[in-house]
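Using the sequences provided together with the hints, build the complete structure.
Same order as they appear, the protein sequences are chains A and B.
So the first sequence is numbered by this note's numbering: it starts at 153 and just counts up by one.
So the second sequence is numbered by this note's numbering: it starts at 387 and just counts up by one.
Think of the hints as simulated: they come from the structure by calculation, not from any bench.
Treat each hint with caution, since some may be false.
What the hints assert, rightly or not - According to the in silico footprint, chain B covers these stretches of chain A (three or more CB under 8 Å from chain B):
1. 188 to 198
2. 267 to 273
3. 321 to 333
4. 423 to 432
5. 452 to 464
6. 495 to 502
Every residue, glycine too, gets a C-beta built ideally from N, C-alpha and C.
Each chain, letter by letter, is given below.
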Amino acid sequence: MSKKKTEDVRTDVEQDLLKRDYSIGEILKERGVSRRDFLKFCSAMTAAMALPASFAPRVAQALDEVKRPTLVWLEMQSCTGDTEALLRSANPTIAEIVLDILSVDYHETIMAAAGHQAEEALDKTIAAFKGKYICVIEGSISMKDGGVYGSTGGKSHLDRARQVCAGAMATIAVGTCASYGGIAAAVPNPTGAVGVREAVPGATVINLPGCPVNADNLTATIVHFLVFGKIPALDSHGRPLFAYGKRIHDNCERRPHFDAGQYVEHWGDDGHRKGFCLYKMGCKGPATFHNCPSQRYNEKTSWPVAAGHPCAGCSEPGFWDTMSPLYKRLPNVPGFGIEATADKIGIGLAAGVGAAFAVHGALNALRKDKEPVEETKEG
Amino acid sequence: MPNQAKYKRYIWELPVRWTHWFNVVSIATLAVTGFFIGTPFSFGSSASDFTMGWIRFVHFTAAYVFAISTISRVIWSLVGNEYAGWKAFFPCVTAKGREKMVKMMRYYMLMDKEVPETVGHNPLATTAYFALFLLYVLMILTGFALYAQHAPNGIMHKSLGFMYSLFSDQGMRLTHHLSMWLIFGFIINHIYSAWLMDIKEHGSEISSMFSGYKFTVKKED
Chain A
153 MSKKKTEDVR
163 TDVEQDLLKR
173 DYSIGEILKE
183 RGVSRRDFLK
193 FCSAMTAAMA
203 LPASFAPRVA
213 QALDEVKRPT
223 LVWLEMQSCT
233 GDTEALLRSA
243 NPTIAEIVLD
253 ILSVDYHETI
263 MAAAGHQAEE
273 ALDKTIAAFK
283 GKYICVIEGS
293 ISMKDGGVYG
303 STGGKSHLDR
313 ARQVCAGAMA
323 TIAVGTCASY
333 GGIAAAVPNP
343 TGAVGVREAV
353 PGATVINLPG
363 CPVNADNLTA
373 TIVHFLVFGK
383 IPALDSHGRP
393 LFAYGKRIHD
403 NCERRPHFDA
413 GQYVEHWGDD
423 GHRKGFCLYK
433 MGCKGPATFH
443 NCPSQRYNEK
453 TSWPVAAGHP
463 CAGCSEPGFW
473 DTMSPLYKRL
483 PNVPGFGIEA
493 TADKIGIGLA
503 AGVGAAFAVH
513 GALNALRKDK
523 EPVEETKEG
Chain B
387 MPNQAKYKRY
397 IWELPVRWTH
407 WFNVVSIATL
417 AVTGFFIGTP
427 FSFGSSASDF
437 TMGWIRFVHF
447 TAAYVFAIST
457 ISRVIWSLVG
467 NEYAGWKAFF
477 PCVTAKGREK
487 MVKMMRYYML
497 MDKEVPETVG
507 HNPLATTAYF
517 ALFLLYVLMI
527 LTGFALYAQH
537 APNGIMHKSL
547 GFMYSLFSDQ
557 GMRLTHHLSM
567 WLIFGFIINH
577 IYSAWLMDIK
587 EHGSEISSMF
597 SGYKFTVKKE
607 D
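Next comes the structure, spelled out in structure tokens:
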């Protein structure tokens, strides 16, 4: 009875899929993906996961055999940019189809069901697949005043996250907001926004920050799950090392210009037209760990630095606060007002100290001191 | 001037002087190269140049020199003479030390006319040096933590892991940058005070950092 009702909210294709226990390989075949394209996809994913090319057949074999896992996608305080990044590519990619197949159970933005029906589907899914489903969360979670500033279906995001993450095999926080709170957590953070890890401390969370997340990294993380049955190796900020293990600066295509000392000084100047280093324009590449230079966005079309814009450091904890001003090298000094740079304060400090001692020296020069004598002085 | 007999005394041992001058040279190098790294101008004429690369190389080499010099001085504070010993850097814990600090402070604030003579470091100076030492530690830790990011999960990156939880990446850069200005403020103070005391004490304050000898009114403490 309950199974029947859950199925009501699914599309015909999905209902068909549910009836038979398909493997990912079979589903892709059914959707018209050629074997050649499937193997190409497997090679690309192997590369994205930073595995040697010899792993590609293993990835293909695993995807051929592995059963379709359940995935629910929750929207919290977000702009839906990560979903957009996933869906707005010019041509549907295999990655998209894989995610489409995965996300049939619940995705607020793209699911057919709405209202109570949708909520019911989610409750049923997480009850039926307890401990076996993957939860994807997009957007930050409001913690202030008991989490009243964000809710879906009458339930606060915080409660929803606790409920869904608790039963999930793993939670993937997509985008910077879900990972670290993002722009919603920027000062003064009126809603007390935090990332999923902070909101639900007990959950197994993989952070995939970025504004938006690179869809390839999301697919690769899910493929890693499917192939190895466990979460990828993470860094201290909870990010998979295969995607966030290297600094943008160290893989940047403009790096030779940095080492040479060739910099863009003004927007549209000669250096900018020649593709010089954007370091002086406030590029946060030296402070940001992400695979943008190699993976790029929108089917490897481009990424900010390739397009002539400095890296904003969007995938780091503390973005936005610690990465602003976006077009300056260093943050402003807290407590000194807007535009108070470290150098202005430093020069002021040095000048102040110099002036104080100059006055002191002048006063000392004018007066006659007593010299130390043996009777009056101790060592 | 019969009551102004001066006694020549060996105060600064060789390691104290060497680490002092190594610090001077490395800090000057680090400050200049650090300024270029923070605010480079376009000194490269072709993409095959390596100007910024060399500046960074010099900065990192000087950083190693500075770190080794600082560590050596800490070790010497355990094995050196009483003037170099670590106890000299905490004068405020003893009543005598506090009394000397007050005297020195009164002299600096132009309240007393009598120059308080000190054989080794003066107690106000050592207190400032301890604060400076903390700045050195901060500079070394933030500097090497930023440097280690070129090799994530290497030995240096892993052993400085706690730094990345204490600072954001940009916060670390700002701290590293601001601390340089604080050290610069100290240097102005330090040179002025050495110059002032050299004039007032007639004890060869400045040349003692080269020779190791100071001239004192009293024969012993």
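Okay, the hints, checked on the actual structure:
1. 188 to 198: Our answer is that it is violated, as 0 residues pass the Cβ test (under 8 Å) against chain B, missing three.
2. 267 to 273: It is violated, with 0 qualifying residues against the three required.
3. 321 to 333: It is violated, with 0 qualifying residues against the three required.
4. 423 to 432: holds (count 4)
5. 452 to 464: Coverage by chain B is violated for the stretch 452 to 464 of chain A (0 residues, Cβ < 8 Å).
6. 495 to 502: holds (count 6)
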